[in-house]
Amino acid sequence: MVAVDWGTSSLRGALLDADGAVIEERPFSRGIMTVAPGEFPAVFEACFGDWLARSSGLCLVSGMAGSRQGWMEAPYCACPAGFAEVADQLAWIAAPPRGWRIAMVPGLSCEHTCAGLPAVPDVMRGEEVQIFGAMQLAGLRDGIFVLPGTHSKWATVQHGRITGFRTFMTGEVYALLSQHSILSRTIAADAPFDDAAFAQGLAQAQGQDQGNSGLLHHAFSARTLSLFGRMEAGPLASYLSGLVIGEELRANTASTLHANTEVVLIGSANLTRRYAQALGHQGVASRALGSEATWAGLRALAQAIT
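Position 150 of the sequence shown, counting from 1, maps to 150 under full-length UniProt numbering, and the rest follow consecutively.
Since the hints were derived computationally from the structure, they do not count as laboratory data. Source: prediction; values computed, not measured. Watch out, some of these pointers could steer you wrong.
[Said to hold, decoys possible] Distance windows between CB atoms, simulated:
hint, residue 1, residue 2, range
1, Pro-75, Gly-38, 16 to 22 Å
2, Thr-150, Gly-207, 24 to 30 Å
3, Phe-228, Asn-270, 37 to 43 Å
4, Ala-21, Ala-191, 38 to 44 Å
5, Pro-97, Thr-186, 48 to 54 Å
6, Pro-37, Leu-176, 46 to 52 Å
7, Ala-269, Gly-99, 34 to 40 Å
8, Gly-38, Ser-268, 45 to 51 Å
9, Ala-21, Asp-190, 35 to 41 Å
Beta carbons: idealized from backbone N, C-alpha and C, even for Gly.
Please model the entire structure based on the sequences and the hints provided.
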């Protein structure tokens with residue numbers, strides 16, 4: 001089969017053999033924002049046409065290619081959802097090239113409720129496949145799965161189904177603060193990672209002094225530490241990273257994590273290392289998986305279809 005992860009800013013594909021092993025993997029800077037309406041089949045053919053020419057088979061596409069701005073919309077599947085529910089809502093391409101069966105994988109949706117207030121929806125698109133893959137690779141049917149990134153996801157899995165999740169705009173807030181706020185004048189955003197400064201940011205975000213005023217207060221300390229010469233521009237980037245990640249963990253530690261919890265982290269090595277360090281500060285164990293989770297998830301979904 002051909003497994004494809006087509007996101008907002010990037011496109012990745014993998015050719016898998018009959019046992020699910022990766023024969024070849026290809027990355028492209030052809031996220032959906034670079035593709036004009038109606039041009040998705042042509043871009044797909046240009047990137048993976050030689051794979052399709054080898055034989056005929058199944059291709060599953062996860063990520064934003066299944067959104068309204070993508071190739072074909074695959075409506076969100078409501079939680080709780082497992083392989084069967086997602087497989088039932090695949091959106092199949094009507095006229096696929098070269099006789100292949102090609103389908104868009106639906107994202108997931110859930111509802112957050114607060115007493116006395118209307119329910120608020122939450123969504124993911126692409127991360128559900130990574131969670132399914134991590135379940136396969138880790139041999140788990142229950143657990144907490146965290147996907148760090150621009151919009152971090154915290155998902156709960158019970159009996160092989162994603163029962164719910166919460167999204168945190170951690171990566172985007174960090175980018176906005178470090179590149180487009182007053183803090184950008186004193187932070188060297190491209191500086192090497194500083195473990196000590198990151199740990200200080202974590203401690204500040206999770207501390208109990210003065211009732212912990214939250215990120216809107218603590219973020220200003222990235223300016224005052226520089227103003228009073230207590231931290232240089234390079235370490236300040238890691239300090240701010242610790243603040244925003246620490247705030248994310250503060251929102252989850254009490255309600256989501258508990259004693260003996262092991263969190264499964266899915267993402268780039270750079271981000272999962274930071275989250276593992278942050279969780280470690282809270283006494284929470286973790287394990288990390290990378291891009292292999294995507295291919296394992298699409299492979300497992302293909303088996304569910306069969």
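Now for the hints, and whether the structure bears them out:
| no. | hint | verdict |
| --- | --- | --- |
| 1 | Pro-75 - Gly-38: 16 to 22 Å | holds (21 Å) |
| 2 | Thr-150 - Gly-207: 24 to 30 Å | holds (26 Å) |
| 3 | Phe-228 - Asn-270: 37 to 43 Å | violated (30 Å) |
| 4 | Ala-21 - Ala-191: 38 to 44 Å | holds (39 Å) |
| 5 | Pro-97 - Thr-186: 48 to 54 Å | holds (52 Å) |
| 6 | Pro-37 - Leu-176: 46 to 52 Å | violated (29 Å) |
| 7 | Ala-269 - Gly-99: 34 to 40 Å | holds (38 Å) |
| 8 | Gly-38 - Ser-268: 45 to 51 Å | violated (32 Å) |
| 9 | Ala-21 - Asp-190: 35 to 41 Å | holds (37 Å) |
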